[in-house]
Amino acid sequence: MAYVEFRNVRKVYQSGEVKVEAVKGVNFTINEGELVIVVGPSGAGKTTVLNMLGGMDACTSGDIFLDGAEISKFNRNQLIRYRREDVGFVFQFYNLVQNLTTLENVELASQICKDPLDAAQCLKDVGLGERMQNFPAQLSGGEQQRVAIARAYAKNPKLLLCDEPTGALDYITGKNILKLLQDTCRNNGKSVVIITHNAAFEALGNRVIRINSGTVADVRENPDPMDAERIEW
Amino acid sequence: MKNKAFQKSSIRVVKSTMTRFVSIALISFLGAGVFAGLAATSPNMKQAGDQYYDEQNVMDVRMLSNYGFSNEDVDAIRSTEGVSGVMASNTVDATGTVGDKDYAFRINGLPKSNDPSDADYINQMKLTEGRWPENDNEAIIIRPSIGLKNITLGSSVSLNKESNKNFVDFLDRAEYTVVGIAESPYYLSFMQGSTTVGNGMIDYVLYVPQNNFIIDGYTDLYATITGAKASNTFENAYFAKTEATVKRLETLADQRKAYRYDEFQSDLSKAKTEYADAQKEADDKLADAQKQLDDGRDTLNSAKAEYEDGLAEYNTQKADAEKKLADARKKLDDAAAEIAAGEKELNTKKSDFSSAEAELKAARAKLDSGWSDYNSKSAELAKNKNELAEKKTALDHAQAQYDSLSQLGALKSARDAATPGSPQYAQLDAQYQDALKSAGLTEQQADAQIASMPAMKSELDNNWAEYNTAAAQISEGEKQLAAAKQELESGEKEYSAKSAELESARTELNKAESQLAAGKKSYQSGLTEYNSQKAEADSKLANAKTKLENAAAKIQNGEKELADKQKEYDDKKAEADTKLADAKQKIENAEKKLSDMGEPKWYVLDRNMNESFATYHDDTGRMHDLATVFPVIFFLVAALVCLTTMTRMVDEDRTLIGTFKALGYSNGKIAGRYLKYAASASLIGSIAGVCFGFWLIPTIIWNSYHIVFALPDMTPAFYWSIAFLSIFSTVFIICLSTGIAAKKSLVETPADLMRPKAPKSGKRVFLEYVKPVWSRLSFTKKVTVRNLGLNKKRLIMTLIGILGCTSLVLTAFGAKSAVGAILDKQFGSIFHYDASVGFDGEKPSSELVSRLSDTAYFGKSTEVLRKSAEASPRSNENDNYNVYVVSPQDAKNFTDYVTFADPKIKNEFNFQDDSVVITEKLAMNLKVGVGDTIMVKYLDESSRHAVTITGITTNYAFNYVYIGKDAYEKAFGALPEYNQFFAITAKGHTNDEIKTYLSSTSGIGAISFTDDLMGNIRTSIKSVDNIIWILIIAAGMLAFVVLYNLTNINIGERQRELATLKVLGFYDKETYSYIFRETVILSIIGCILGLFGGIFLYRAVVATVEPDMILLTRDLTWQGYLGAAILTMLFTWIVNQCMKPRIKNIDMLESLKSVD
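Order-wise, the sequence lines are chains A and B. Its first residue numbered 1, the first sequence is counted upward by one per residue in the numbering used here. Its first residue numbered 234, the second sequence is counted upward by one per residue in the numbering used here.
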């Protein structure tokens, strides 16, 4: 069985009379240790897919499995525990707690889970060993995103989910972040899912899932992904 | 309508930010409501009071005079310009008993009319139960707000005539039955005024028919003033309106009192002349009567003398006759006695003679028998002599026989003693054989005879002895016989002598008998003669006596007549004397009154001098002051809440503002958007608050005043001026703070505004440098600490809000416990006596003293003076305070009954004979201290006395001036006139039992127990409870609004953070604490500050609301602090519970999507 599996997952948003089917029966699988690129245009439903995978949103129908557990059947508290133990998130806008230092932001995550990595080491790994006592406002965007990655990674999750991690960053910084994520996957064997609208990123992944209008348009395995330094867009 | 889109956006923003809108509306509601409610209470109370006064036609002026008022006075007042109605009445105070309880009563005369439309029916009563009196012994009682205790319809009131020395001059009836219960606007307050009877405080007011008042004229006049009803009596306009008429009445009073004085003087001199005339007339009449009486007495006296003479003569005659008769009688009696004695002697002699005769005869017979006896004895003796001689012969023979036998025996024994066969034996045997032969006996015979020898011998001896005795008898008999013969011969001689004697006696006896018979005969004839003489004398005397008795009866009649006349005279004289004495007394009284009271005085008193009015007026003033203290807190908090809320709103709309600016909207237009938003919220809130406040707060306060004042229900009123002021100031404050918040953003350029505001950087706070503490904090705690340092405005708002809440609650609890402390401290640790027992007269009866020293009922007791008085500072005599003057007889032990303690340093001190100690509150009111002098005036006297204070003591209820004996004498010029006992009762008897035990004691006055006093106070302070609830509710709302707002802003501001935490897998509880910890910390800090702030607020409130006679302690209890802290934290908890769903419902996805 695959590490992650989506079976006929549908998601319908309802606001008043209007029903919007954001995800219309998605099926795909991911293997452990893969770097997965989910790509598609804006509004295609890729974030919805990610949210459902990350336990932040429930699917309307279908089944979602991670490492044998059926996430789609989890209740509220199980979902919280799932997010706490098994998933790490990296957002487009970093979402750091402004009142905590870099180190504290990482510790915020690491200290609530069972088997965390060392927070300071994680920051060193992302190249921020010198900025541990700084507040987020004192860091650049790229640095903040590194902190976010360190925070997600320090939890030692089963799955690292990244939603447009380079969206708010310049080209160089963005590449550095992609490199960091690729290294994390390669060096530590973590499963990483990156969502992007940028088709250029496809070359990075072991597996590329194209989503269009709420359906999976194409799943492609890439036996020889490109190094992050080398991709251009 | 080119701004339609702009307006639409303005309206939509209200919908989308409902919680914000609501929190501004709510704080406006609270601020405006509390202000309007409290501000409206005072005018509302004034209005309701005035309405009641108008409806009941309450007097505008009360007039008193030390000389009373005559009907002319009443007419003069009635015709004064401006006076619309006049009612004259009488008032007297007395203690009385209902059932087993004593009360102090004020007795008023019932008005002539009870028709409400009659202008002269002033201070109209509202009959609530029963009916108006129809008979003179019926009465109406006024129900005070605290109720009538054991008095009901049909209760009989028995007034104590002794309790007021004027009572009998005023009223001729002391027993009344309550037939009606009424409310009177004149006696609103449960404190119905001071009095000089009982304990100094009037318990109940009675109205009795005017017929019962026997005093001439009236003691009280009540008048109403035309047009006065148009003004509210609690406003200055009323006094301005009545002033002119009051002045006119004062002028009239000056005229009338002079006239009245003259009238009194002339009346007095007239009365004196009349008295003198009457006295002269009476004297003349009496003199006539006296003369007649004297004449009658003379006549009687001469008749008496005549009678006396006649009586003397009669007595002499009677004595003579009686003497003669008595002599004769005596002689007769003597003779009779002699005869009787002669008879008796004769009889004796006769019996002597016959006994002698008999004796003689007996002696003859005795002699004859003696002789015959003698002869027979002599013959017997001769015979005995012969017998004896024969016996002697026989004896001699027997002796000889025995002697020969004894010889034979001796031989035989000699032979037998020798050895048989010896020669000696043979010899002896031969001798013996010889003797035998000579005796003619054989040896055997001899042996037998020898053997019978001892018997023989004894027989022989006996016979000999017998013989000797008989021989002696015979010789004796011979001797006797000879003596008897001699005696007989002398008896013969005597007999013949006596026989001769008897013969001569017989002759003598016969002679005496004949003599006696002659005596008897002459006595008989004497007696006959005496009897005839006596009968003659008796009839003569009886005649004389009858005559005398007739004369005596005549005298008696004369005497009786005279006595009657005398009595008649005496009666007349007594009557005349009484009349004259009465008249004289009256004149003297009048003179004394004139000299005592001096100049006649009229007092023209306006409503301010009515205790109920003054108390009520003061209370409305206090409410007014209270209305200025509290709203300040609410307005301050409202401003801060609005400032933070709007700042947040403006910050959120930063980009929007930039966009509008970029689109070319003016600053004013954009600011207007926020001003309108805030204004509409605060307008809605404050209008609702004003309406609610106008209704709720006056109603609650009014209801609590019902306990203290007997008032009708109040209708909440709407005051446009207060409503406007309250709404305007609320909206203004809200708009002002909105303007301040908006200004900061509006001055920035559109470009700056379009750029997202740099997120507020995390800042290191001081605590981080305290490593040991900091390193132990979790991240959420660190965030909390850093957040607290981040927004000072919000911090201050929250702190002030919580501080206000805690202070209000603390004030509420403080007020409650202070009021409770009055009871606990006053009656627990200051007053130790349980009862006061009044007595009539200058000294208590010994019965009372002995009952009070009965240890089964009383622990101890002491004699004191206690009287109602007024105290004023030396400088201003019009600044009066009601006090009790208490002067103990035994200063040294007085601290057993009342504890004296310095209010500042709390230590107790002793009471001395020269001490003058006043209570703390009085010292505060008079603004005096130790060493200062104050003036004291008894209510029933006019002179003021200066006393110098030597000490101030802690005291919570009522004002007292304690004066030692010596100090009293110095100040008042006389020793205190003790009028009651303070007593400490013994355990084991109820108050009723103690009262029953004392009630029959002679000279007993009113008995009152401190328990009853406690009950009164307890009732009156229940009113505080409602106010406490207002405070607690207001505090709760304040806390709610502030915390709700703070939490709301915090959640709004940190929505992203919260979403991030949720994404990171924080449980709900952890997420809540991320927000609530801040609230809780601020609540705790605010609460601690509030506990300090509350001390000041409490003191300010106490200083504002404290009545004159009550001292509320300035100290707060730990329970109060604890309660305030707990309640504050409870409010915090409730707010947190309310906010939980908001945090729970934060959508992770929405919050994470983008920056704005």
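The reader is advised that the hints may include incorrect statements.
Simulated pairs of lysine-lysine, DSS-like, Cα-Cα distance not exceeding 27 Å [claimed, not checked]:
no.	chain 1	residue 1	chain 2	residue 2
1	A	Lys114	B	Lys1377
2	A	Lys124	B	Lys1302
3	B	Lys1014	A	Lys73
Computed beta-carbon distance windows for the label pairs [claimed, not checked]:
no.	chain 1	residue 1	chain 2	residue 2	range
4	A	Arg81	B	Gly901	19 to 27 Å
5	B	Leu1010	A	Gly33	32 to 40 Å
6	A	Lys73	B	Lys1377	35 to 43 Å
7	A	Gly129	B	Asp1380	30 to 38 Å
8	A	Gly33	B	Asp1380	48 to 56 Å
9	A	Gln111	B	Gly972	40 to 48 Å
10	B	Trp1007	A	Gly16	43 to 51 Å
11	A	Lys114	B	Gly972	47 to 55 Å
12	B	Trp1007	A	Lys114	52 to 60 Å
13	A	Gly129	B	Glu981	16 to 24 Å
14	B	Gly972	A	Val18	34 to 42 Å
15	B	Glu1383	A	Tyr171	41 to 49 Å
16	A	Arg81	B	Gly1053	48 to 56 Å
Please keep in mind that the hints were generated in silico from the structure rather than gathered at the bench. Note that CB positions come from ideal geometry on N, CA and C, so glycine has one too.
Hints, one by one, checked against the model:
In summary, the hint linking Lys114/A to Lys1377/B is supported, as the alpha carbons are separated by about 24 Å, within the 27 Å threshold. Only pairs whose Cα atoms come within 27 Å are accepted, and Lys124/A paired with Lys1302/B is rejected, the gap being roughly 32 Å. At roughly 34 Å between alpha-carbon atoms, Lys1014/B and Lys73/A are farther apart than 27 Å, so this suggested pair is violated. Evaluation of the 19 to 27 Å hint for Arg81/A and Gly901/B yields a failure: the beta carbon distance comes to about 54 Å.
In this structure the supplied range 32 to 40 Å holds for Leu1010/B paired with Gly33/A, their Cβ-Cβ distance being about 38 Å. Here the CB-CB span from Lys73/A to Lys1377/B is close to 21 Å, at odds with the stated 35 to 43 Å. Distance hint for Gly129/A and Asp1380/B: a CB-CB separation of about 36 Å, consistent with the stated range 30 to 38 Å. At about 32 Å, the CB distance of Gly33/A to Asp1380/B disagrees with the hint of 48 to 56 Å.
Distance hint for Gln111/A and Gly972/B: a CB-CB separation of about 45 Å, consistent with the stated range 40 to 48 Å. The hinted range of 43 to 51 Å is satisfied by Trp1007/B and Gly16/A, whose Cβ atoms lie roughly 50 Å apart. Remark: the range hint 47 to 55 Å for Lys114/A to Gly972/B is upheld by a beta-carbon distance near 53 Å. Range check, Trp1007/B to Lys114/A: about 26 Å between beta-carbon atoms, so the 52 to 60 Å window is missed.
At about 38 Å, the beta-carbon gap between Gly129/A and Glu981/B misses the expected band of 16 to 24 Å. In this structure, Gly972/B and Val18/A meet the distance hint of 34 to 42 Å, their C-beta atoms being roughly 41 Å apart. Distance hint check: the CB atoms of Glu1383/B and Tyr171/A are about 29 Å apart, inconsistent with the given range 41 to 49 Å. For Arg81/A and Gly1053/B, the Cβ-Cβ distance of about 55 Å falls inside the hinted range of 48 to 56 Å, so the restraint holds.
Consistency note: the structure conflicts with the earlier hints numbered 2, 3, 4, 6, 8, 12, 13 and 15.
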